[in-house]
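Below, each chain spelled out in residue letters.
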Amino acid sequence: MKILVCISDVPDTTTKIKFKDNNTTLDVNGIQWIINPWDELALTRALELKEASGGIIQSVTVANVGTVASEPTIRKALAVGADNAIRIDAQPKDAYYVAAQLANIVKAESYDIVLVGRDSADYNGSAVGGMLAELIDYNSLSSVSSLNIENGKIRINREIDGGTETIEAELPFLAIVQKGISKEPRIPAMRGIMMARTKPLNVVQAVAVEILTEDVSFEMPQPKGSCKKFDSENVKTLVSLLHNEAKLI
Amino acid sequence: MSILVYTENREGIFKKATFELLSYAKEMAKTLNTNVVALSIGQVENSELEKLGNYGATKVLNTQGNNLSFLDNKLFSKIVTTAVEKEGAQIIIMANNISGKALSPRVSASLKAGLVTGVVGLPSSYEPFVIKKLVFTSKAFSNVKVNSALKVLTFAQNSFGVAEPINAVAHVETFNPQINDVPVKNRLIETNRITGKLLLTDAEIVVSGGRGLKSAENFSLLEELAGVLGAATACSRPVSDEGWRPHSEHVGQTGKIIAPVLYIACGISGAIQHVGGISSSKFIVAINNDKDAPIFEIADYGIVGDFKTVLPEMIAAIKEIKAG
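From first to last, the protein sequence lines are chains X and W.
The numbers in this note's numbering rise by one with no breaks, and the one at position 90 of the first sequence is 90.
The numbers in this note's numbering rise by one with no breaks, and the one at position 191 of the second sequence is 191.
For the record, the hints were derived by calculation from the structure and aren't laboratory data.
All values derive from a computational prediction rather than experimental measurement.
Derived contacts from chain W toward chain X, CB cut-off under 10 angstroms, selection only:
no.: 1; residue: Glu8
no.: 2; residue: Ser77
no.: 3; residue: Arg193
no.: 4; residue: Leu199
no.: 5; residue: Asp202
no.: 6; residue: Glu204
no.: 7; residue: Ile257
no.: 8; residue: Asp300
no.: 9; residue: Asp306
no.: 10; residue: Leu311
no.: 11; residue: Met314
Pairwise CB distance ranges (calculated):
no.: 12; chain 1: X; residue 1: Glu245; chain 2: W; residue 2: Glu11; range: 32 to 40 angstroms
no.: 13; chain 1: W; residue 1: Glu11; chain 2: X; residue 2: Asp83; range: 39 to 47 angstroms
no.: 14; chain 1: X; residue 1: Gly152; chain 2: W; residue 2: Thr174; range: 37 to 45 angstroms
no.: 15; chain 1: W; residue 1: Ile13; chain 2: X; residue 2: Lys183; range: 31 to 39 angstroms
no.: 16; chain 1: W; residue 1: Ala323; chain 2: X; residue 2: Lys18; range: 47 to 55 angstroms
no.: 17; chain 1: X; residue 1: Lys16; chain 2: W; residue 2: Pro238; range: 21 to 29 angstroms
no.: 18; chain 1: X; residue 1: Cys227; chain 2: W; residue 2: Glu242; range: 21 to 29 angstroms
no.: 19; chain 1: X; residue 1: Lys229; chain 2: W; residue 2: Lys319; range: 20 to 28 angstroms
no.: 20; chain 1: W; residue 1: Glu11; chain 2: X; residue 2: Thr198; range: 50 to 58 angstroms
no.: 21; chain 1: X; residue 1: Gly163; chain 2: W; residue 2: Ala323; range: 33 to 41 angstroms
no.: 22; chain 1: X; residue 1: Asp12; chain 2: W; residue 2: Leu122; range: 31 to 39 angstroms
no.: 23; chain 1: W; residue 1: Ile272; chain 2: X; residue 2: Lys229; range: 18 to 26 angstroms
no.: 24; chain 1: W; residue 1: Pro128; chain 2: X; residue 2: Ser53; range: 44 to 52 angstroms
no.: 25; chain 1: W; residue 1: Lys282; chain 2: X; residue 2: Glu233; range: 24 to 32 angstroms
Virtual Cβ for every residue (Gly too), placed ideally from N, Cα, C.
Using the sequences plus the hints, can you model the full thing?
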């Protein structure tokens, strides 16, 4: 059995976002790049499943659509424990473009389980996983917060509007995962970092894909006015303001 | 040409978020001089379906079936794409919630329709089609141009508002698409519903607690406040990580992104990851004993003080107002 984890290279979540060229391009100056947090959790879970499988899961592969600039992030995934990596050599254009590139990889080498993070911390599309599932004609499950293999059957928990569901799924399938899928992301150990240098990272050419959407310009939100502060003796004043002026309660 | 809206029900009932979704679609339809068609999947009474007319749907496609009681991405997407083809819809709108995020990418890829998720308003232009969405976890907006003729949008709740209902009954049409060839590969084992609590997604007011509340027990004060306000409860990441509150209540970058009318943050310092999840709230009140806490930078009103004295006073003051 083989698992593929799709990873995205995103700005660190504490980054102050700035744009340049008349607000048309992200200013990458000074940005620290990381594995997208949900993809990192997905990778951690894939490795846990492999370790617990007693050899049934042979490999965990990571795939990324990106330029050579995303290789440090891919190497980190290898250091964490992925067996090998594929980089599709292209600047990601939009979700459909990325999904179409990944679809090509899955079609070439069939994976039993494909894991994709809920959304990426940059463009927040929440789209690549579902698009990929459609393009490769896989069963897909979204908002997955736990994934177990019990007696050869896949059991997942997923969040629904107002609760959770337990679902048994057939292989192959694609899971779009969120918080809970693994507790903490795994941190690479020194041995892993050494080994990552020699693990295979295959670079493949991108295929031509139609661009369906484009970011034409960016805007920053309006800055908030200053906060009107009260001390704890004036709670009542605040509550009456919320009632009378803001009409919120 | 028409606009197709996937109107989701929860146990046979349409919620306010669905009415807002239709109000939004209707406004777009007016500009484009076209109609709004709603698509309902699963068991819903006819009288409930007809209500969708009050918010702008002229027609409701009603799909019911035994295997439609739980969300199967592949099956439901197939129903949506079949409805799109039948109606000749050019714009497909869903909520930017769990099911919208599950279905919209599959529909988009199947139809080769450009997808914009989490849109926060009407298009700024229709030719070319340009629409605004939040990016970088609410730190910025992007104006996205959609190049394809068909477009799929998911709409961020509370960014448009529910229109004044009109007195109109939607025409309900039974819609039985050919879905027998879609094999269902998932089996529902168990459903656990949160009962007796207002859900975060339904709430106009959200009261939220952070590490500053110091223990799970202290959340009883927050629950009491939620009770008098008719609010839902939420929490910051450390709180759900500690197990003081369930993960379903975690708001912030890695949890839920919410946009209530009023957000009351208690004992939350305001880390950038938390702010990303709540910054679209219309009005923010922060309670914190540290006057320099970053949460005050995004709050409209703040109270500098200890929650143990502030919350009981707040509860008492609200009770007084509610008692008239």
